[in-house]
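**Student:** Residue strings, one per chain:
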Amino acid sequence: MTTSVLSTRNLTKQYGTGSARFDALKGVTIDIAEGESVAIVGKSGSGKSTLMHILALLDSPTSGDLSVDGTNAAKLKGTRLNTLRNRTFGFVFQQFFLTPNTSVLDNVMLPLKIAKVGSRDRKRRALEALEQLELADKAKSKATDLSGGQKQRVVIARALVNNPRIIFADEPTGNLDSATGAVVEDLLFRLNEEQGITLVIVTHDEELAARASRRIYLKDGLIVDGLAA
Amino acid sequence: MKAVDIIKTAIGNSFRSRLRTSLTVIAIFIGAFTLTITNGLGAGINNYIDSQVASIGAPDVMNVTKPVEATDDSTGPKPYEPSDPSEVSSGRPGGSVLALTDDDLDSIRAIDGITAVEPLVAVSPDYVEYGDAGKFQLSVSPLSAGVKIELAAGSAFTDGTDENEIVLPTTYIDTLGFSSNKDAVGKTVTIGITNALREQTTVEATVVGVQEPTLFGASPSLNEPLTTALYDAQNVGIPEDSTNQYGSATAHFDADSTDAQVAQIKRDLVDAGYAGTTVADQIGTFQSVIDGIILVLNAFAVIALLAAGFGIINTLLMSVQERTREIGLMKAMGMSGGRIFALFSTEAVFIGFLGSAIGAGVAMLVGGVISRVLANGLLKDLAGLQILTFTPAAIGTVLLLVMGIAFVAAVLPASRAARQSPIDSLRYE
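In order, the protein sequences belong to chains A and B.
The working numbering numbers the first residue of the first sequence as 1 and each following residue consecutively.
The working numbering numbers the first residue of the second sequence as 230 and each following residue consecutively.
For the record, the hints were derived by calculation from the structure and aren't laboratory data.
The reader is advised that the hints may include incorrect statements.
Straight-line Cα separation of at most 25 Å, DSS-like style, residue types lysine-lysine; simulated pairs [what the hints assert, rightly or not]: (1) B:Lys-237 to A:Lys-123; (2) B:Lys-609 to B:Lys-411; (3) A:Lys-116 to B:Lys-237; (4) A:Lys-142 to B:Lys-231; (5) B:Lys-364 to B:Lys-416; (6) A:Lys-219 to A:Lys-26; (7) B:Lys-231 to A:Lys-77; (8) B:Lys-231 to A:Lys-123; (9) B:Lys-237 to A:Lys-142; (10) A:Lys-219 to A:Lys-43; (11) B:Lys-237 to A:Lys-138; (12) A:Lys-75 to A:Lys-26; (13) A:Lys-77 to A:Lys-116; (14) B:Lys-231 to A:Lys-140; (15) B:Lys-231 to A:Lys-116; (16) A:Lys-123 to A:Lys-142; (17) A:Lys-140 to B:Lys-237; (18) A:Lys-123 to A:Lys-138; (19) B:Lys-411 to B:Lys-364; (20) A:Lys-26 to A:Lys-43.
Bound conformation, chain A alone:
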């Protein structure tokens, strides 16, 4: 097996204290290799989103270790952390998180803008990403004026534009009908196969999970062999 880009050792995450304490993760150890497509599957409340947030460095674990490319994530701070987030990760969210009232192009360019890419260069790259997702004609449209499927494709373009090594997709098809959902699924897995981008999908949808090369089942904050039907 190739080297792990993401590996965790005994991750736990607690919310609240005392009687209000809630253990979202109770000791999760996983390794995700470069180029893999992994589905983290679980019902709501299983801790799957929490795990993804920790893997994506959006949240920090209560205990346990996470290393990204062999670097201990706890030691990543400030600029290095921000650079890592910007260069390594792409995000696809169920709720899209597109900035309303700004153009599709502006939305796609956002990661490049944060990365201090020059304005001509970032426009070119954003248009390329939109082209790849057959949305080049919508570049000037307002993000809010698009259909759900189009929005999710814009989100994928935004996730792609900075050539990330890992794309995190949180219920990417959750807000889409099955036809457009299938299109978005195809897109994500094609990126994984053709460009070798590691794909981490969080979902409760068994069908979507079945397309991933590996599935990690979570139940009540622990990895289980499979979900009881």
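Fit chain B to the given chain A structure using the hints.
**Tutor:** Relative to chain A, chain B alone:
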């Protein structure tokens, strides 16, 4: 994010909720407008006083008076002593000073640093006449002695001359029968004056210049030989000892004296029982009154700006609230807290800039119109008065002040945005 991108994005963001931004801009506009107008008013009036009075100029002259010893009002007046000098009005309402005698002049002359002392004498000529155009009243204001004036034609008094010279205001020119301001220069006019014996005598004087009317009215100015000539003519028949009482005296000192030296002369005068005021002091009092009024007006404008500052805080807090997810997303994408802070504070500063630039711009337009209307109407007689004067420095100060207030207002909302953890922001519904 590059600085230029932050600025562009912040400007773009401020236009995303137009209504909210415009309302905040209006609040700032009101404050900035008021501040610009009040500043302009202060600058306009002070400039005018400077041009009118600062040129009175003689920086080497000091007005010396002998103040009445302070008496306690509750104990009543002091008993009369025949040897006490009589009180004379100082010309200012409510102010009276002790008359100066020749002895006083000698003791003033003795003070270190004073080069010459002349009594300030009041002359009241009856009329002025040129050719056959008739006799006209001539009133000489006491201030006009030693005043340097803004001339419409001719020149100022010749230094050290023994000739009688007079500078006439433009208002006298037509009346006296001159064809133009230039025509009057070099002509000789006759001044009539009545002495104590009720006899009228005349003194001749040459017109050397024509002056614009000033803040202090349109009085002709006389040079020292002419003043002396008139004074002598006026005092014919008055007992010697009563002519030697003067309201005040003009003391000359070295024009190169430093402020400290001038202050020392003043202290010496006080020790000797006199009070010395330079022209700068007199203008200073006048200007500090105006500055005080402007300061109060400015304070009101700043209060308006502070209120607008809270408007900015409110606007930005709403903006931060509204864009919580966007902030989370940017953080997830690797934008640092510092940059987020910069983004929101730039937005505030931009709103501040917008409000103050529009406010100052409109104030300049309105002020220019008002100034012109007043200059041709209500303030027509005060030639050269631009009641509202806008200097680039004052406008710049207003802009910077408002942008500073906006930045301070932004600190709370912007740091709240910067502190947000990406995941809490993304979860925010």
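**Student:** When you check the alpha-carbon spacing of A:Lys-123 and A:Lys-138, does it fall within 25 Å?
**Tutor:** 14 Å, holds
**Student:** Run the distance test for A:Lys-142 versus B:Lys-231: straight-line Cα separation, threshold 25 Å.
**Tutor:** Distance of about 24 Å is within 25 Å: holds.
**Student:** Quick one, are A:Lys-75 and A:Lys-26 close enough, alpha carbons at most 25 Å?
**Tutor:** 22 Å, holds
**Student:** For B:Lys-231 and A:Lys-116, compute the direct alpha-carbon distance and say whether it is at most 25 Å.
**Tutor:** 5 Å, holds
**Student:** Decide if the proposed pair is consistent with the structure: A:Lys-26 and A:Lys-43, CA atoms, cutoff 25 Å inclusive.
**Tutor:** With Cα atoms ~16 Å apart, A:Lys-26 and A:Lys-43 stay inside 25 Å; holds.
**Student:** Need the status of pair B:Lys-609, B:Lys-411: alpha-carbon distance at most 25 Å?
**Tutor:** The given pair, whose Cα atoms are some 22 Å apart, holds under the 25 Å limit.
**Student:** Is A:Lys-219 close enough to A:Lys-26, meaning Cα to Cα at most 25 Å?
**Tutor:** Within the cut-off at roughly 10 Å; holds.
**Student:** If you draw a straight line from the CA of A:Lys-77 to the CA of A:Lys-116, is it 25 Å or shorter?
**Tutor:** 19 Å, holds
**Student:** A:Lys-140 and B:Lys-237: Cα distance at most 25 Å?
**Tutor:** With Cα atoms ~18 Å apart, A:Lys-140 and B:Lys-237 stay inside 25 Å; holds.
**Student:** Is the straight-line distance between the alpha-carbon of A:Lys-116 and that of B:Lys-237 25 Å or less?
**Tutor:** Holds - the C-alpha atoms of B:Lys-237 and A:Lys-116 are around 13 Å apart, at most 25 Å.
**Student:** Is the hinted pair B:Lys-411 and B:Lys-364 satisfied, with a Cα-Cα distance of at most 25 Å?
**Tutor:** Given that 25 Å is the threshold and the Cα spacing comes to 21 Å, the pair holds.
**Student:** Please work out if B:Lys-237 and A:Lys-138 have their alpha carbons no farther apart than 25 Å.
**Tutor:** 22 Å, holds
In this structure, every one of the numbered hints holds.
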